[in-house]
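These protein sequences, in sequence, are chains B and P.
If you use our numbering, the first sequence closes out at 390, no skipped numbers anywhere.
If you use our numbering, the second sequence closes out at 492, no skipped numbers anywhere.
Since the hints were derived computationally from the structure, they do not count as laboratory data.
Quantities reported herein were computed from a predicted structural model and do not represent experimental measurements.
A couple of the hints might just be wrong.
Said to hold, decoys possible - Some but not every residue of chain B turned toward chain P, in silico, with C-beta under 7 Å:
| hint | residue |
| --- | --- |
| 1 | Thr-87 |
| 2 | Asn-286 |
| 3 | Ala-290 |
| 4 | Ile-293 |
| 5 | Leu-296 |
| 6 | Val-297 |
| 7 | Gly-298 |
| 8 | Ala-299 |
| 9 | Phe-303 |
| 10 | Pro-387 |
Unchecked claim - Simulated pairs of lysine-lysine, DSSO-like, Cα-Cα distance not exceeding 30 Å:
| hint | chain 1 | residue 1 | chain 2 | residue 2 |
| --- | --- | --- | --- | --- |
| 11 | B | Lys-288 | P | Lys-349 |
| 12 | P | Lys-263 | P | Lys-276 |
| 13 | P | Lys-389 | P | Lys-372 |
| 14 | B | Lys-383 | P | Lys-310 |
| 15 | B | Lys-288 | P | Lys-327 |
| 16 | B | Lys-186 | B | Lys-152 |
| 17 | P | Lys-329 | P | Lys-263 |
| 18 | P | Lys-372 | P | Lys-329 |
| 19 | P | Lys-387 | B | Lys-383 |
| 20 | B | Lys-288 | P | Lys-387 |
| 21 | B | Lys-158 | B | Lys-288 |
| 22 | B | Lys-182 | B | Lys-158 |
| 23 | P | Lys-263 | B | Lys-288 |
| 24 | P | Lys-373 | P | Lys-389 |
| 25 | P | Lys-389 | B | Lys-288 |
| 26 | P | Lys-381 | P | Lys-276 |
| 27 | B | Lys-152 | B | Lys-241 |
| 28 | P | Lys-329 | B | Lys-288 |
| 29 | P | Lys-387 | P | Lys-349 |
| 30 | P | Lys-329 | P | Lys-349 |
| 31 | P | Lys-372 | B | Lys-288 |
| 32 | P | Lys-349 | B | Lys-383 |
| 33 | B | Lys-230 | B | Lys-182 |
| 34 | P | Lys-387 | P | Lys-373 |
| 35 | B | Lys-182 | B | Lys-241 |
| 36 | B | Lys-383 | P | Lys-327 |
Glycine included, each C-beta is placed from N, C-alpha and C at the ideal position.
In case you want the letters, here they are:
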Amino acid sequence: MSNIHSSGLKSRSSFLARLLTLPIRHVQQAVGSLGNLWRTPFTTVMTIFVLGISLALPATLHLFVKNAQQVSEQWDSASQITLFLKLSTSEKSAQNLVQRVSLYNEVADVRYISAKQALKEFKVLSGFGQSLEYLDENPLPATLLVTPTQRASQAEAANALLAKLSKEREVEQGKLDLEWLTRLEAMARLIEDIVLGVALLLCLSVVLIVGNTIRLAILNEKDAIAIMKLVGATDSFIQRPFLYSGIWYGIFGGILSCIAVTLLAWYLGYAISDLTELYQSNFQLEGLSIREALMLISFAIVLALTGSYISVRQHIKAIEPNAD
Amino acid sequence: MINFNKVNKTYPGGFLALKQVSFNLESGEMAFLTGHSGAGKSTLLKLISLMEKPSSGSIQVNHTELADIKYKQIPYVRRGIGMIFQSHNLLKDRTVFDNVALPLIIEGVSHSEIKKRVATALDKVHLTSKSKCYPHMLSGGEQQRVGIARAIVNKPPILLADEPTGNLDPKLSLDIISLFEEFNAAGVTVLIATHDLGLIARMKYRTLTLKEGTMINDGIVDGLQAQGTRHEQHS
Chain B
67 MSNIHSSGLK SRSSFLARLL TLPIRHVQQA VGSLGNLWRT PFTTVMTIFV
117 LGISLALPAT LHLFVKNAQQ VSEQWDSASQ ITLFLKLSTS EKSAQNLVQR
167 VSLYNEVADV RYISAKQALK EFKVLSGFGQ SLEYLDENPL PATLLVTPTQ
217 RASQAEAANA LLAKLSKERE VEQGKLDLEW LTRLEAMARL IEDIVLGVAL
267 LLCLSVVLIV GNTIRLAILN EKDAIAIMKL VGATDSFIQR PFLYSGIWYG
317 IFGGILSCIA VTLLAWYLGY AISDLTELYQ SNFQLEGLSI REALMLISFA
367 IVLALTGSYI SVRQHIKAIE PNAD
Chain P
258 MINFNKVNKT YPGGFLALKQ VSFNLESGEM AFLTGHSGAG KSTLLKLISL
308 MEKPSSGSIQ VNHTELADIK YKQIPYVRRG IGMIFQSHNL LKDRTVFDNV
358 ALPLIIEGVS HSEIKKRVAT ALDKVHLTSK SKCYPHMLSG GEQQRVGIAR
408 AIVNKPPILL ADEPTGNLDP KLSLDIISLF EEFNAAGVTV LIATHDLGLI
458 ARMKYRTLTL KEGTMINDGI VDGLQAQGTR HEQHS
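Working from the sequences, and respecting the hints, build out all of it.
Encoded structure:
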């Protein structure tokens, strides 16, 4: 104790030295807070799971909307007219009709599915394969799939084309699949709104959950915080480990939710590919892209940090050292 | 170094803990603060360490007027005051080394410097061999000395001690007090609150006596001749 600092206010280390030790201190406190989380594994794991699941839900809904958009886009560009031919129509006159229809100005493409072909596909895809063997004759009509040109695929023009095609004498019935498309779009919009609402609520719950967890951690460390204040720790020094805890919660919760969403998409992918085969669609369920996963994790970090910051501001100032 | 000028402290509810207390402790002085339980000793120490604010009057510590200190500046004032408590106030989940290093970590001292200074501080209190122990592995006297090492590790100009010998036997108490004398000899201002009157009588230092919040005595308890003899006794 030979040399003594002249004054408490002046005895701070030089500015440069502080600047150099600050990043090291941050890394130490970040790692230290990770160690603190490790020391209470049960609480930590529970919190991370709650966060992961809370975030997985809106992320899954986001995937749903994204894929629904992809689906409707696919069908939108190919609003098809299906023409069912009379059962009595011969193969030859059907080919004739194909010729005539493909000459229409409004038609971009015609695909002919003969009655035989239709039965074959139906056997494979419907699951009634065996029982269809017992039928004496083919109950299915031959079908034309007419794709209108870009201009003729708008609702009104397509309807006019349908009326024109239905007048062909080989045609029993024509169908334009537009109504369900607009319904799907409306539904997708509704679901998007629901997703947004639910996502907001769940984000709020993430903030509150982390806030509460950090609050409990602060109250747990109450004595230690009081001691640190006594020996001259600033509030920002004391709150730093808690903020880092919040960041860790965000990172782990975000990663967990990415894993959950990916697993769910992978699992649903099988069910959906079976389903889309029935609709002869080349639809593939899209999972989270790397970019979306990173965004999800950083979003989780921002939410968790917000929660811990609110908690830290509320509670650390309130703890006052007591000499008793 | 510590200057009280007509300080009153009233707690919420109307309890008058300190009444018109005035005294001045010069830099490098060592004094005892005594009085019965509830006489206001703790309140006085809390006012110095900014745990409480006076209801009226002014306090200067370390050439700083405490009334001017804002919330954000409190930590920096406290860094100039080493505080020692009867209840040790150690962090239970950290080693002796980490406990003593705490004030330096807070100040952002470099790692090598921390090692050096903690080693010096632990050497002062003869606990070098215990640096890797946790507080619960130590005896009461050892814990108290860890608290002292922590209080002096950043070389504050002022040391405050609240009943530092409260739970210790007379021999250990004397050891602790002689530690304080050592620091005082190095120029540190020391204020020790204690109700151990026997201890004070032996030491013959300036003694501030509180009774029901009023300063009833300020001076050498056992005659004036003690003043010249204090360094010869314990060096």
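Tested hints:
1. Thr-87: 5 Å, holds
2. Asn-286: Violated: closest Cβ of chain P sits about 11 Å from Asn-286/B, beyond 7 Å.
3. Ala-290: Holds - the Cβ of Ala-290/B comes within 7 Å of chain P, reaching about 5 Å at its closest.
4. Ile-293: Holds: closest Cβ of chain P sits about 5 Å from Ile-293/B, inside 7 Å.
5. Leu-296: 6 Å, holds
6. Val-297: OK, holds: Val-297/B within 7 Å of chain P, min 5 Å.
7. Gly-298: 4 Å, holds
8. Ala-299: It holds, given that the least Cβ distance between Ala-299/B and chain P is near 5 Å, below 7 Å.
9. Phe-303: 6 Å, holds
10. Pro-387: Cβ of Pro-387/B sits 6 Å from chain P, so the hint holds.
11. Lys-288/B / Lys-349/P: 12 Å, holds
12. Lys-263/P / Lys-276/P: At roughly 8 Å apart (the allowed maximum being 30 Å), Lys-276/P and Lys-263/P satisfy the hint.
13. Lys-389/P / Lys-372/P: Holds - the C-alpha atoms of Lys-372/P and Lys-389/P are around 13 Å apart, at most 30 Å.
14. Lys-383/B / Lys-310/P: Given that 30 Å is the threshold and the Cα spacing comes to 16 Å, the pair holds.
15. Lys-288/B / Lys-327/P: Roughly 23 Å between the alpha carbons, so the hint for Lys-288/B and Lys-327/P holds.
16. Lys-186/B / Lys-152/B: Measuring from Cα to Cα gives roughly 19 Å; hence the hint holds.
17. Lys-329/P / Lys-263/P: Distance ~26 Å between Lys-329/P and Lys-263/P Cα, so the pair holds.
18. Lys-372/P / Lys-329/P: Holds, at roughly 29 Å.
19. Lys-387/P / Lys-383/B: 34 Å, violated
20. Lys-288/B / Lys-387/P: 26 Å, holds
21. Lys-158/B / Lys-288/B: This hinted pair is violated, its Cα atoms lying about 91 Å apart.
22. Lys-182/B / Lys-158/B: 14 Å, holds
23. Lys-263/P / Lys-288/B: 34 Å, violated
24. Lys-373/P / Lys-389/P: 15 Å, holds
25. Lys-389/P / Lys-288/B: 24 Å, holds
26. Lys-381/P / Lys-276/P: 38 Å, violated
27. Lys-152/B / Lys-241/B: The given pair, whose Cα atoms are some 14 Å apart, holds under the 30 Å limit.
28. Lys-329/P / Lys-288/B: Roughly 19 Å between the alpha carbons, so the hint for Lys-329/P and Lys-288/B holds.
29. Lys-387/P / Lys-349/P: 15 Å, holds
30. Lys-329/P / Lys-349/P: 27 Å, holds
31. Lys-372/P / Lys-288/B: 27 Å, holds
32. Lys-349/P / Lys-383/B: 22 Å, holds
33. Lys-230/B / Lys-182/B: Given that 30 Å is the threshold and the Cα spacing comes to 27 Å, the pair holds.
34. Lys-387/P / Lys-373/P: 16 Å, holds
35. Lys-182/B / Lys-241/B: With Cα atoms ~21 Å apart, Lys-182/B and Lys-241/B stay inside 30 Å; holds.
36. Lys-383/B / Lys-327/P: Status holds; Cα separation ~13 Å.
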